[in-house]
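Colleague: Each chain, written out:
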Amino acid sequence: MKSAYAVLLLTVALTAAAHGQTLRTAENAAAADKAVDAGGSIDVTWAPSPDELEAEVKVLGYEVWRARRPAGDYKKLADVEAGKESYNFTDEEAENGVEYFYKVRVRGEEMSTDTAPVGPAKATREWFHPNRLNMLIAAVLLSAFILYYISQARAGKVLFIRRIAGLEAVQEAVGRATEMGKPVLFVPGIADIDDIQTIAAVTILGRVATMVAEYDASLLVPCSRSLVMSTAQEVVKEAYLEAGRPDAYRRENISYLTDDQFGYVAGVDGIMVREKPAANFYLGTFYAESLILAETGHSIGAIQIAGTAMPSQLPFFIAACDYTLIGEELFAASAYLSREPRLLGSLVGQDWGKVVILISIILGVVTAFLAQFGVEIFGRSIALEQLFVVK
Amino acid sequence: MDGLTLFGTWIAAFLTLCILSFLYKDNPFYKFAEYLFIGVSAGFWIAYNFHNLLVPNLIDPLFGADGAFPKLVREGQLDIRLLTVIAGLLGITMLFRFFPKVAWVSRYGIAFSVGLGAGLMFIVYLQANCIYQIWGTVQLSPIVITESATGWHFDWGASVANTLLIIGVVSALVYFYFSKEHKGLLGGTARLGIWFLMVSFGAAFGYTVMARISLLIGRMEFLIDDWIKETLIALGLL
Amino acid sequence: MRREIPMIVAFVAGVIIILEFFVPTLRNVAGQLQKWYLVVVAFAILVGAFNLLRMNYMKVRGRRVDWPYSIVLIVGLFAMTIVGIGWGIGQGTVFDWLFNYLMFPMSSTMFALLAFFVASAAYRAFRARTVDATLLLVAAVIVMLGQVPIGSIWVPSWWPDSLVFLTPDWLKDRIMNIFNTAGQRAILIGASLGVVSTALRILLGIERSYLGEE
Amino acid sequence: MKFVRWLADIDRRIIFVVIAVAVVVPLLFPLGMRVKVTPQTQTIYDEVENLPGGSNVLVSFDYDPAAAPEVHPMALAFLHHCFQKKHRVIIMALWPQGAQMAVSAMAEINRDFDLEYGRDYVNLGYKPGGAIVIKSLGNSFAEIFPKDMAGRSTATLPLMEDVSNLYDVDLVMDLSAGVPGITEWVIIANALFQTRTAAGCTAVSAPQFFPYLQTGQLIGLLGGLKGAAEYETVTAYAGKASPRMDSQSVAHVVIIVFILFANISYFILRRKREEGSGGPTARPPTSA
Chain R
1 MKSAYAVLLL
11 TVALTAAAHG
21 QTLRTAENAA
31 AADKAVDAGG
41 SIDVTWAPSP
51 DELEAEVKVL
61 GYEVWRARRP
71 AGDYKKLADV
81 EAGKESYNFT
91 DEEAENGVEY
101 FYKVRVRGEE
111 MSTDTAPVGP
121 AKATREWFHP
131 NRLNMLIAAV
141 LLSAFILYYI
151 SQARAGKVLF
161 IRRIAGLEAV
171 QEAVGRATEM
181 GKPVLFVPGI
191 ADIDDIQTIA
201 AVTILGRVAT
211 MVAEYDASLL
221 VPCSRSLVMS
231 TAQEVVKEAY
241 LEAGRPDAYR
251 RENISYLTDD
261 QFGYVAGVDG
271 IMVREKPAAN
281 FYLGTFYAES
291 LILAETGHSI
301 GAIQIAGTAM
311 PSQLPFFIAA
321 CDYTLIGEEL
331 FAASAYLSRE
341 PRLLGSLVGQ
351 DWGKVVILIS
361 IILGVVTAFL
371 AQFGVEIFGR
381 SIALEQLFVV
391 K
Chain G
1001 MDGLTLFGTW
1011 IAAFLTLCIL
1021 SFLYKDNPFY
1031 KFAEYLFIGV
1041 SAGFWIAYNF
1051 HNLLVPNLID
1061 PLFGADGAFP
1071 KLVREGQLDI
1081 RLLTVIAGLL
1091 GITMLFRFFP
1101 KVAWVSRYGI
1111 AFSVGLGAGL
1121 MFIVYLQANC
1131 IYQIWGTVQL
1141 SPIVITESAT
1151 GWHFDWGASV
1161 ANTLLIIGVV
1171 SALVYFYFSK
1181 EHKGLLGGTA
1191 RLGIWFLMVS
1201 FGAAFGYTVM
1211 ARISLLIGRM
1221 EFLIDDWIKE
1231 TLIALGLL
Chain B
2001 MRREIPMIVA
2011 FVAGVIIILE
2021 FFVPTLRNVA
2031 GQLQKWYLVV
2041 VAFAILVGAF
2051 NLLRMNYMKV
2061 RGRRVDWPYS
2071 IVLIVGLFAM
2081 TIVGIGWGIG
2091 QGTVFDWLFN
2101 YLMFPMSSTM
2111 FALLAFFVAS
2121 AAYRAFRART
2131 VDATLLLVAA
2141 VIVMLGQVPI
2151 GSIWVPSWWP
2161 DSLVFLTPDW
2171 LKDRIMNIFN
2181 TAGQRAILIG
2191 ASLGVVSTAL
2201 RILLGIERSY
2211 LGEE
Chain A
3001 MKFVRWLADI
3011 DRRIIFVVIA
3021 VAVVVPLLFP
3031 LGMRVKVTPQ
3041 TQTIYDEVEN
3051 LPGGSNVLVS
3061 FDYDPAAAPE
3071 VHPMALAFLH
3081 HCFQKKHRVI
3091 IMALWPQGAQ
3101 MAVSAMAEIN
3111 RDFDLEYGRD
3121 YVNLGYKPGG
3131 AIVIKSLGNS
3141 FAEIFPKDMA
3151 GRSTATLPLM
3161 EDVSNLYDVD
3171 LVMDLSAGVP
3181 GITEWVIIAN
3191 ALFQTRTAAG
3201 CTAVSAPQFF
3211 PYLQTGQLIG
3221 LLGGLKGAAE
3231 YETVTAYAGK
3241 ASPRMDSQSV
3251 AHVVIIVFIL
3261 FANISYFILR
3271 RKREEGSGGP
3281 TARPPTSA
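If you read the sequences in order, they're chains R, G, B and A. Using the numbering used here, you'd call the opening residue of the first sequence number 1 and step up by one each time. Using the numbering used here, you'd call the opening residue of the second sequence number 1001 and step up by one each time. Using the numbering used here, you'd call the opening residue of the third sequence number 2001 and step up by one each time. Using the numbering used here, you'd call the opening residue of the fourth sequence number 3001 and step up by one each time.
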């Protein structure tokens, strides 16, 4: 095997000599374990051969070769296209704990040149992401606030939650629909059930459905995802049961239309103009369809209550709906409507998260101001970056 | 334009007009397009999901030429990909919804999806929307002073901009405070926060108008250029 | 049992995803779970499609209002599904043709309805009734003017540079960069707190209405 | 008073009709509204204008149909200007669908000029590789493009006899919708071979290239539909960007006028009500 390598070198040398010119090797080649991963990967990096930049000798590309010993039997792993300022290839087929050596070959038209072997490099798996300590602190701190207040509420502490206008109106809207003998339309957004806004919307649907069942109105829930439809059916059935009206539950009223964004909107618009609901709820994740729905809903004279955490769609709901739950209010809604102490406790926990955020903003701004005069509090720039930049 | 394309263009133009007719009021043409649209698009996503979700994530790893089952039969080798069977089982629990009596079995599939989503969003929102947005704010100084050869300068453009931005973020965040009555200082700050939110909503609305008009321009150019003009050309009238 | 085990499933799935962010070793496990989710979605769409089909079939059979349209829907659904699964969805297939000449024009026209709706919504909502509505209105009008050349045409060429802050172009940039950024940022931060709290409630089984009755 | 009440509550279908007219009429009968030409557009125009007739201009079509509404009008206006100045144009593409966009652009241009393929312009077609292609053009066109798009040997094309590598190109115009695109042309063609480089791109990606303008690595930059309309204005070419921009302007003005109507009528009616005439109460203010 050693001889094969020698032959290779010789060929390279001979071809180069025959043309009276050489192809310079790639520069700064290095191999190292891929940082923070599940193991099995080694990063090989290098800078272009000086010849690539000078345009005199043509560089076609690079090759990465691997062996277990520096002078061992090298096997080609990959071709890498030329034309970059720096190169990075990840060998994803390394065994954990095994030492590897790498070579980078510059491929020219008539010749090629190898770097000296680089290594050894070993792939290892990591158990903690060192740059994410800040996220861990934030997650733990926030969770602790929320869980603490949930336990407080559970222990019987009475918690105050301010009025949220959009949610006060839910009852009024359902009542109006009942009086007019018209249905209530609930649109749970166009995202699937893995989106937390959809989950929030479906839990609100549970509260709305209980009211609808108590008032003996009817409820229409067209869905754009099968999983959402299935979940909504479970939730509404449960709500009717809770209200003591299981007989009034109509499974077919919670239907699936299509996964397609605008196909779904076309269908919901059709339902609106034909069934003429008196109350429309748009809660969950919305994209461009927000205004199409809200304008059509307005044209049939329905009371409209919307809620989303999509900043891009909030302006349209604000403009076209009677009430709009903005961002965090959407997530507060199910707790607010249920009035269940444990859920309300989580809202108080969120508020403490806000207090911490406000304090850190104010402290950060003060240090940013002082830093202009060279006053560095705790080596400000570094400390702050470590706190807030997640890699 | 060849015959088939022109034929397709006529269909497309007809459907475009059907949808536009909804602006006047609900009518049989819109109803036709609506039902067709729902049917065709539902079918589109079924076929799309089959090829892009089911084949690469379930069928290929298990039953493909190099899949886990053929390997098991051929070489008697257990492959990690056999775990994909669990995915298949979770998927099949969804089919229990066809039978109301055992529909509850689908809760496994639903619970898995909800749990996965909750976990993912927990991290994504905390990182990208919380910590990163705070980072963007704490780098700002409300009073910007620059140093140059001639001494210190007060950059009042940047100072006003930064100050407004910081006040905006803080006051709007206060608006979301739930566990205290919005009265006094808290109420005043929250009120200011709503004003900031309103300006931002108005701005975002105004900013989007251009993109929306562009969509209509696109449809109108389709009707004028691709449909009417091309038809006239095909008829030899242009 | 009908609720407890699914709750455990939800908890385990969610916690693995959260831990994966901090524990690189779990990366492959989490990646696998996300693929499983896609399989569940693919199966679930059958449930939806069946529901859609059944509703429309009942409508046709019962000769209920608008039943002929339901036939159109059923034909469209079958045509697209069969053509797509049977002959592929690549370029140049029948599926592709149906997409280009049926689905695409309807989709983009539906989207284009927004051009009309932004106008009607603006006309109705942007009235200076309250301070809130006035701010909404003024910001929207300034940005709209700043967006198109006509906004800058009204500024005559002799306009002094010292008064540049009165032009729509200048104001639009400031409103977008300062006010819009501030508002959106607060919404994002607030929403993330709500998300974290909702996710916790779900994973810990405090919020379990999505699982239906006992 | 009746009119004021009508103004306060215009049927939305009237608004719809007005919007439709506002969009369609400028498309059919361009108003020729003057767009204010920004310096980064003017510099491209000046560059083309000041090159001696018969200069070699390379136009790289690095976009696909999705970006065509914004970028294609730039291609037409720019090519039109080049042929007007009797420059020779070499067309190539780093995006697969770019070559086809070029074919459709030249079909349009050929209606206005009596051009001879191979002498006045060539279309070399698409070549994958992005940065490597540009790098290799520094050496030789013939090596990278032995054949043109239609399969003719490039050696037989008279234009290519005078253009052996990027050093023979007087100006590069990159029409880009992403990567590979402007960045590659700037960091390779401009940096390594000192080729004069200008570009056009979609509105969303334009801001990221402003630094290149400041350093002079880019002569000029056309940003989005507005940039295209500016080039049409400065070259007096009747293209599609200007009518589209006209539609935009008219539609924006129409919406603002409706907002004005709404507010004027609102204030008149409110004053009436304050004087005691009653009238319908306004809907409750939109909740925040």
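Keep in mind the hints are simulated off the structure, nothing from the lab. What you are looking at is a predicted structure, and each value in this text was computed from that prediction instead of being measured. There could be a bad hint or two in this list.
Calculated lysine-lysine pairs in the BS3-like style (CA-CA distance at most 30 Å, straight line) [unchecked claim]:
(1) Lys276(R) / Lys182(R)
(2) Lys1071(G) / Lys76(R)
(3) Lys84(R) / Lys3147(A)
(4) Lys1071(G) / Lys2035(B)
(5) Lys58(R) / Lys3272(A)
(6) Lys182(R) / Lys1031(G)
(7) Lys2035(B) / Lys182(R)
(8) Lys182(R) / Lys157(R)
(9) Lys1025(G) / Lys1229(G)
(10) Lys1025(G) / Lys2059(B)
(11) Lys75(R) / Lys58(R)
(12) Lys157(R) / Lys1183(G)
(13) Lys3036(A) / Lys3002(A)
(14) Lys276(R) / Lys1229(G)
(15) Lys157(R) / Lys354(R)
(16) Lys1031(G) / Lys2059(B)
(17) Lys3086(A) / Lys3002(A)
(18) Lys2059(B) / Lys1101(G)
(19) Lys122(R) / Lys84(R)
(20) Lys58(R) / Lys84(R)
(21) Lys1025(G) / Lys3002(A)
(22) Lys157(R) / Lys1180(G)
(23) Lys76(R) / Lys3127(A)
(24) Lys58(R) / Lys3002(A)
(25) Lys122(R) / Lys76(R)
(26) Lys3085(A) / Lys3147(A)
(27) Lys1025(G) / Lys354(R)
(28) Lys276(R) / Lys2059(B)
(29) Lys3086(A) / Lys3127(A)
(30) Lys1183(G) / Lys182(R)
(31) Lys3086(A) / Lys3036(A)
(32) Lys3085(A) / Lys3036(A)
(33) Lys1031(G) / Lys1180(G)
(34) Lys3002(A) / Lys84(R)
(35) Lys1183(G) / Lys276(R)
(36) Lys3127(A) / Lys3147(A)
(37) Lys354(R) / Lys1183(G)
(38) Lys75(R) / Lys1101(G)
Colleague: For every hint, state whether the structure bears it out.
Modeller: Hints, verified against the model:
no.: 1; hint: Lys276(R) / Lys182(R); in the structure: 7 Å, holds
no.: 2; hint: Lys1071(G) / Lys76(R); in the structure: 27 Å, holds
no.: 3; hint: Lys84(R) / Lys3147(A); in the structure: 26 Å, holds
no.: 4; hint: Lys1071(G) / Lys2035(B); in the structure: 21 Å, holds
no.: 5; hint: Lys58(R) / Lys3272(A); in the structure: 84 Å, violated
no.: 6; hint: Lys182(R) / Lys1031(G); in the structure: 22 Å, holds
no.: 7; hint: Lys2035(B) / Lys182(R); in the structure: 43 Å, violated
no.: 8; hint: Lys182(R) / Lys157(R); in the structure: 40 Å, violated
no.: 9; hint: Lys1025(G) / Lys1229(G); in the structure: 28 Å, holds
no.: 10; hint: Lys1025(G) / Lys2059(B); in the structure: 23 Å, holds
no.: 11; hint: Lys75(R) / Lys58(R); in the structure: 24 Å, holds
no.: 12; hint: Lys157(R) / Lys1183(G); in the structure: 23 Å, holds
no.: 13; hint: Lys3036(A) / Lys3002(A); in the structure: 41 Å, violated
no.: 14; hint: Lys276(R) / Lys1229(G); in the structure: 40 Å, violated
no.: 15; hint: Lys157(R) / Lys354(R); in the structure: 21 Å, holds
no.: 16; hint: Lys1031(G) / Lys2059(B); in the structure: 15 Å, holds
no.: 17; hint: Lys3086(A) / Lys3002(A); in the structure: 63 Å, violated
no.: 18; hint: Lys2059(B) / Lys1101(G); in the structure: 24 Å, holds
no.: 19; hint: Lys122(R) / Lys84(R); in the structure: 26 Å, holds
no.: 20; hint: Lys58(R) / Lys84(R); in the structure: 14 Å, holds
no.: 21; hint: Lys1025(G) / Lys3002(A); in the structure: 26 Å, holds
no.: 22; hint: Lys157(R) / Lys1180(G); in the structure: 15 Å, holds
no.: 23; hint: Lys76(R) / Lys3127(A); in the structure: 27 Å, holds
no.: 24; hint: Lys58(R) / Lys3002(A); in the structure: 81 Å, violated
no.: 25; hint: Lys122(R) / Lys76(R); in the structure: 18 Å, holds
no.: 26; hint: Lys3085(A) / Lys3147(A); in the structure: 27 Å, holds
no.: 27; hint: Lys1025(G) / Lys354(R); in the structure: 47 Å, violated
no.: 28; hint: Lys276(R) / Lys2059(B); in the structure: 19 Å, holds
no.: 29; hint: Lys3086(A) / Lys3127(A); in the structure: 27 Å, holds
no.: 30; hint: Lys1183(G) / Lys182(R); in the structure: 39 Å, violated
no.: 31; hint: Lys3086(A) / Lys3036(A); in the structure: 27 Å, holds
no.: 32; hint: Lys3085(A) / Lys3036(A); in the structure: 23 Å, holds
no.: 33; hint: Lys1031(G) / Lys1180(G); in the structure: 50 Å, violated
no.: 34; hint: Lys3002(A) / Lys84(R); in the structure: 71 Å, violated
no.: 35; hint: Lys1183(G) / Lys276(R); in the structure: 40 Å, violated
no.: 36; hint: Lys3127(A) / Lys3147(A); in the structure: 11 Å, holds
no.: 37; hint: Lys354(R) / Lys1183(G); in the structure: 18 Å, holds
no.: 38; hint: Lys75(R) / Lys1101(G); in the structure: 60 Å, violated
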